[in-house]
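S.K.: These are the residues of each chain, in order.
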Amino acid sequence: MMDLSITTRDLNLWYAKFQALRQVSVEIKHGLITSLIGPSGCGKTTLLRCFNRVNERYGYVTTTGEIRILGKNIYDPDVSLVELRKSVGMVFQRPNPLPLSVYENVVFGLRIHGERHELERARLDEAVEKALSEVGLWDDLKDRLDTKASTLQLEQQQKLCIARLLPLKPEVILLDEPCSALDVDGTRAIEELLFSLKGRYTMLIVTHNMAQARRASDECLYMLLGEIVEHRRTEDLFLHPQDPRTAEYIEGRYG
Amino acid sequence: MTLHGRWEVGGGSRRGAAWSVLFTGATGLATALILAMLAVILVNVAWHGWPALSWRFVTAGTEADMFEVGKAGVFPMIFGTTARVILMTLFVIPVGVTTAIYLHEYAHTTSVLTRVIRTAVANLAGVPSIVFGLFGLGFFIHFLGDRLDLVLHPDNPKPIWGKPALLWASLTLAVMTLPVVIVATEEALRGLSPGLREASLALGATKLQTIWQIVLPNALPGILTGGILAVSRAAGEVAPLLFTGAAYYMAELPRSLTDQFMDLGYHVFVLSTQSPNLEQTRPILYGTVLVLLLLTFALNATAILVRARMRRRQRAAG
Ligand SMILES: Nc1ncnc2c1ncn2[C@@H]1O[C@H](COP(=O)(O)OP(=O)(O)OP(=O)(O)O)[C@@H](O)[C@H]1O
Ligand SMILES: [Mg+2]
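Residue numbers (our numbering), protein chains in the order written: chain U, 1 to 255; chain V, 1001 to 1318.
Next up, chain V with everything else stripped away, as it sits in the complex (with noise of 0.2 Å):
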């Protein structure tokens, strides 16, 4: 608002100023209202959990009865859920800072190709987790995994990549999260300045040469951006991984990627649905939601501070 409209009280901009002052209102009740409800959810999930942790149970795994307080443990699902978004991560940054690189250093913008590309980009971002979960089983499971049985195993009677697995989850949780990582990386492409590029071009550097040395290291940060943004979806997903790889329960941690594996997500999901007795498993239950809202956390903070360090690094050395 300009000095006038602030002392001027005429007729007109009082009205505009009821109008300001209810909307100020309005978008800041809007955001204490999020707040509250973030709040609630916290508050509530770290209530009931706390009491629940313990390092047993979040050092150890299951004995005899996952469902009973004092002999559940979630340890293999810290792991798991640890392992799987790792995993998306290897693959997904790659994949989707060359498509991104593609897109912005190579592809004519008004190209077919780069239209189908963008095109489905945008709309592969709003699929439905449990399509990717179908499209993982379809795909990766049964396209890919008995083939590669066909080949590699084909004496042996019992799939070995036909079925369920890390691998697998962890590749359909990198295309559902690829949009992210394409979106990101792009943006921070068009945040550099094209002197940046041409300088390194007048000096004969190739165009190779100039995105790997001065495109890249300088849209770092931007692409570890996508990377958070790729974890925090990923993180808490569980439908993706119902027919990809997350099992309801396994004796012993994954030792390859073609081992299933068990999640924490879908563990809360397995408690709050197959529990016999749902009073007695609730203590559980929170404290499970409880390491899994920290897992996420701490897995985004991870990631934000790897990208604080790079920054910090890049204005030091230049």
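Chain U with its partners taken away, still in its complex shape (with noise of 0.2 Å):
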């Protein structure tokens, strides 16, 4: 099943006794932007903190069963964390760049990573282009590279928040509610990218915008107090739900 990219089999998780994730089996497909749904507390930001298992910062977190990315099971023994982080980057609701300059927040993940001789100027260089270049903020910011990252508007800050995975080639780029602090035209604006983006990365984006996650994405999933309801094609899904569930929430009766 080579065009699987992560798959789970009864995936539970426990915030110490609150049961937050149910049995939870999915199978999100290589390349394609899979959206996730529901209603607030669902669950949704705790799947995707799975998938890069940074739930775990949480002492009081427990998981059971199987989450298999690029058919490795990230919970083996074997796995380390910062390999898999590697692979599956992340992308957070509030823009969160790194307090350093733009260039510096391309490269942390080569710094953190790279073997020494991958780490002279002219790679970085390199990759500061190629990624700035791949999310659209090259031009604007090819002559700034050493300003403050922060000082970016945060329509730019996402986008390099985007950009500083892209050096470390992940496989799948999570993005939970990422235009959440944008106005309307930074939000086109990202989704505009994460679409030029389709094919080379498996995305998996949580939105509480419906309209979103329509235009937006190729595959749906709806979640339902830690469960998984429904999970098809996203025009499938809003035009022709197959659970009562489904279909009552996208006609807007939940939160």
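Derived from the structure by calculation, the hints contain no laboratory data. Each hint should be verified, as a subset may be incorrect.
Straight-line C-alpha distance at most 20 Å; calculated DMTMM-like pairs for lysine to aspartate or glutamate [said to hold, decoys possible]:
1. U:K29 to U:D10
2. V:K1207 to U:E56
3. U:K148 to V:D1149
4. U:K29 to U:E120
5. U:K169 to U:E115
6. U:K169 to U:E227
7. U:K17 to U:E227
8. U:K72 to U:D10
9. V:K1163 to V:D1149
10. V:K1207 to U:E83
11. V:K1207 to U:D78
12. U:K198 to U:E235
Just so it is clear, the structure is predicted and the values come from calculations on it, not from any experiment.
Both chains are sitting in their own frames, so use the hints and assemble them into the complex.
M.R.: Next up, the structure:
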């Protein structure tokens, strides 16, 4: 099944005694944009954060079940968190550029992981130009690579947060409501960017905005109370929901 | 006060207004009182101390008689006080910062060990400084020092480590100011947004890399604030030095960490209690106090300047 990027089987997750994910089994296809919708508190962020194992930051989290990314169970003991996070990048709700320059934000991953010979100035320069070009920031920022990233506009910051993943050649990019801090133009710009990255990366995007899910994603997952209710092509899910709970949600009956 | 409160002249609000005026007046008075006291002290010291200040007074040691005007000099004391403050800073910052990092980044807030450390830190801050002096004597000089002598110089009858010294006095001060640095650093760590740490971790950085490259550089101004507070607290302290390193008189400057030193604060104490003729000694006494105050300000100002520069550099370079 080489066209699957992420598969989970019977994934359960508890925050201390509270169960936030229940028997989640999904298959996320390679190279597509899959959106994750559902009412507030249903576990979208939690599920997303399982895929790069940042949930484990909290000592009180317990997980059972299996998550395979590129065929490898990421909970296997021989999995290196560092390698996992290189291939599974994450973009957060609030743009969170590192408190460094634009340039250093883009090469942070390389500096952290790179062998010495990869850290030659020329190579880094090349990586910066490539990554910033991919997200459409190069022309705007090529003369301001030394400015502090936090002084950029929010939209640029969020693009930068995507750009800094790219030098690590990720397989999957997880995005948790990446547009919720942006205005209409910023939102459109990010959506266009995601569209342009399609095919090369598997993208999983959490959104509260159903119009965005419809516009921007190929497949759509509907979650409720920690369970996956429905997972189909976006068009089908919105036009012909199979589960009555999905129908209710997309007609706008829950928050 | 809202606009309504200001313009209405109903019965209830008039009473409120009266209270408000009274309260404002009381707080203003208290502030004025404190400023007045500070001014009296500073003016008094400056007024009486100024005449004693001369190039000779601050750049030379004492010849023959430390109680006699014209023959006294406080350079050895300036040297000693500066040295012990700088040494203390070198000890307290690494230990304090490491502890704060452990508490904030590694320890579980609910664990017994964390609670014990926090309680200890809080209580340490309330211990009178003379007790730190006794602790320094008991732990550093007699426990550590005596053992070092035994191991390093078994044949030497005279103690080298097991006696009051610049090293032990500085360490004692470091223990005393530890809570200040820990609390300030923790405050700084808490102030950083959690998104910052997650951004770094999600890029595959280890916890150590995250702390070293992202968390610490951003907490630096806060850490320096802790350092500044520690310097302020330690610079004028005398009690912790009494048994641990300050000397009544020394003909020469300390040459190594195991030498004793003369100290401005302790010298003020010596001048005011040991002088055969206090009237005559008074100008030197005031002069020494003035130098102590100026030195404390100078040490603080240096630390504040360093912090300001660091902030500016952070803002510029990112
Ligand atoms: N760190 C945590 N500790 C304890 N409980 C948590 C934690 N994070 C989330 N939860 C709980 O887990 C459930 C799922 O949270 P999650 O953040 O995954 O929801 P979400 O679908 O992303 O919601 P939203 O749309 O509001 O972002 C919620 O009930 C939440 O209260
Ligand atoms: Mg969420």
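S.K.: Against this structure, judge whether each hint is valid.
M.R.: Status of the hints after comparison with the structure:
no.: 1; hint: U:K29 to U:D10; result: 18 Å, holds
no.: 2; hint: V:K1207 to U:E56; result: 12 Å, holds
no.: 3; hint: U:K148 to V:D1149; result: 54 Å, violated
no.: 4; hint: U:K29 to U:E120; result: 36 Å, violated
no.: 5; hint: U:K169 to U:E115; result: 15 Å, holds
no.: 6; hint: U:K169 to U:E227; result: 31 Å, violated
no.: 7; hint: U:K17 to U:E227; result: 17 Å, holds
no.: 8; hint: U:K72 to U:D10; result: 16 Å, holds
no.: 9; hint: V:K1163 to V:D1149; result: 10 Å, holds
no.: 10; hint: V:K1207 to U:E83; result: 14 Å, holds
no.: 11; hint: V:K1207 to U:D78; result: 19 Å, holds
no.: 12; hint: U:K198 to U:E235; result: 17 Å, holds
In the structure shown, a violation is registered for the earlier hints numbered 3, 4 and 6, in ascending order.
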